[in-house]
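Asker: Here are the chains, one letter per residue:
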Amino acid sequence: MSDANTITRREALARTALLLGGALATSTVAGAQSDSSWLLDTQQWRPRTLSPTQAELVATLAEHIIPATDTPGARAAGVHRFVDAIVTDYYSAEERKRFLSGLGDIDARAQKASGTTFLKTTPQQQVALLTALDGESYPPQRVLQKAEPLSSERQKMQDSLARQSSTGVTISDPTRAAADAGGNETARRELERGWFFRRMKELTLLGYYTSEAGAMTELKVNPMGVYRSDVPYRSIGHAWA
Amino acid sequence: MTGNQRTDYDAIVIGSGITGGWAAKELTEKGLRTLMIERGRELVHRTDYKTEHVPTWDLPLRNARLSPDKQGAEDYQVQARTGQFRESTKHYFAKDTKQPYEEVKPFTWIQGDQVGGKSLIWGRQVYRWSDLDFEANIKDGVAVDWPIRYKDIAPWYSYVEKHVGISGERLNLPQLPDGEFLPPMQMNAGERFVKAGIERSFKGRNVTIGRVAVLTANHKGRAACHYCGPCDRGCSTGSYFSTQASTLPPAMATGRLTVLPDTLVHSLVYDAKTHRVSGVRVVDAKTKATREYNAKVVFLCASTLGSTRILLNSKSPTFPNGIANSSGVVGHFLMDHHFRAGASGRLEGLEDHYYQGNRPNGIYIPRFRNLPDPSTKRDYIRGFGYQGAAARAGWGRGTSGPGFGVELKRRLHDAGEWTMGVTGFGECLPRHENFVTLSDKADEFGIPNLRIDCSWGPNELAMRKDMQRDAIEMFEAAGVKNVVGNDDNKPGGLGAEPGLGIHEMGTARMGRDPRTSALNGWCQAHDVPNLFVTDGSAMASSSCVNPSITYMALTARAADYAVSEMKKRNI
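Heads up: the protein sequence lines correspond to chains A and B, in order.
Per the numbering used here, residue 1 is the first one in the first sequence, and the count goes up by one each step.
Per the numbering used here, residue 1 is the first one in the second sequence, and the count goes up by one each step.
Just chain A, same shape as in the assembly (with noise of 0.2 Å):
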């Protein structure tokens, strides 16, 4: 039997869960079986759906996201290779094509504020486009309400506890959530509008923040071995990836 909008809506409420969750952590094993080889190793790497044009500038924005610092940034974690893995091998035909047109939108809104595609513009120009982009794509929260009936703890709850299974990352996608959910049409609106800039940003801290760079080096893995209940925070003094 089918019910296809209510699996819809169910899963989609499910990533997003996963996503806003501060559970999610990967809990992998710290160092066992690690392969940098490929981080930075870009002479060996070809997109397989992105353009060698749009890996970078998927690479670019990703670097915007989150930069280097005295850790390493998005492009050096590879997000964009990730990026690419996760439009070529997981997304559906329907999902990639959205996604893809929305980086031809940045090229389009850079040539209208500035006459040029996204990479020429000057890094002064990048920031402020994406300045406007954020601002636009996160709508306040009781839009977000009116669309997604879950708040996140409750969706952090639903994954993290109810089979007490612990790790794992999904993507969200609130737009869907906003048009299952049937209801306010201008809620869904305004969701639409900034679905690629929250998605671009979504897969730069997934792809980020379970990289080796910034799941060992920027963060720590929560590491094996003993569980320690309760420690004092200033002793640890960052998340766990």
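Warning: the hint list may mix true and false statements.
Unchecked claim - Only pairs whose alpha carbons sit at most 30 Å apart, straight line, appear in this in silico DSS-like list of lysine-lysine: (1) A:K220 x B:K50; (2) B:K465 x B:K139; (3) B:K90 x A:K97; (4) B:K465 x B:K377.
For the record, the hints were derived by calculation from the structure and aren't laboratory data.
Go by the hints and put chain B onto chain A.
Answerer: Chain B only, in chain A's frame:
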């Protein structure tokens, strides 16, 4: 296995999951030459846990949830409904395209398909039933009375618990008897905060650490948990109970066990002259060749719905509606626990608290509704318990609002706020109208598919209101902020549909009267003395607690009885 192996055994065990493993261990240790038949592939302890300890960055999709609309879930449209179905665990689930069923109303049938079955991916929560459960049917006038009571099973709980290794806290509660416990795991600061608040505000309610089949100390040659986190990828140190880690090694050590993977059971052969099962008809999953194996006693441990399908498909002139089904109850009274109703919220004042390590366990709030105390009575019968946890938000929170660049990266470097959530697990009543039958369609091996017709009834729906309301009330009293309730059930849709709890049971129930039950109090078929069914199908009611330890205890008890009956030549 090749074609020249023997076909005569003392015992045949069908299925290799939680109960099949126990049946094999007990029967071989008692001297029986035993054949264990498994429809799925061989899966070797350690060697075949191919995603164990693999860092997220070495998984191409970073351990993505493979939901039905994503690539990678094409052959798993039902399995992909559970959040456990991920890039890292996909290989432990059956392909729905291989094992289809008809879903009259939404019912999610999660199936493991390998040696070890779902023992590799189970939730590991372990709670004893009590006489509140075993006496419930007779007291409520629902379905049929259990033919056993707590005193009958208590020694068998102890017996299996001592082997399994269960960590937990003793509470001395009549509705949730204590077991043979290893040291309990510890609650984190958030959970302790909520525990204190709830226990201060509500007399008779307890918040305890989950009782879990994960070792907190070295136990019988298996190492204590190393807290890596995702048990369901497989555990090389055998720190949680699985067939591979816990029951297969002692069974193999007897030298009396033969394991036959990639072999589907088509049906049981009934000998009307002896009134016994004389053999088991199987189909080779690879070649589709058919064959028959014979034994003096058969243990059916193929999972509730798997076993029921075999019973219904074992037709003969004596049993036109399936073997051991003169009562007509086989396939009926399907139950599952209903969950995904509860509450969550934020915790304040714990900013200098964190935790280290990945505890594969949460907290448990034992049943507090409809106990003997009249003040606990409600407008529905039976009850529910809660499972949950507290945790601090991680980098994922960065996706929920604006911000990017150095500011965002700095912000996400720190742990986020504490949140706490619980979901109820509620008892489901046995109802005749929740049932499975054989479909007129068959799978590629010629075995008729199941047709499943099951939905929640008024008692479950009434209970869900309390599951949400009580959670909100307790959280608010405990000082949790921004408390939000939830109930994912969507009548006729997916969200908290039957089956999703993966505690399906009841379709070949025990009872005192052969006219209204399939099995006696020993899990022995009333109609067929050498046939035992010891998985979830034997259950006459569902309790509200996780059932696996009860299946284990019933299996060990049944094996002991079967062998004593064989010695007396009654079988």
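Asker: Please name the hints from earlier in the document that this structure breaks, with their numbers sorted from lowest to highest.
Answerer: none
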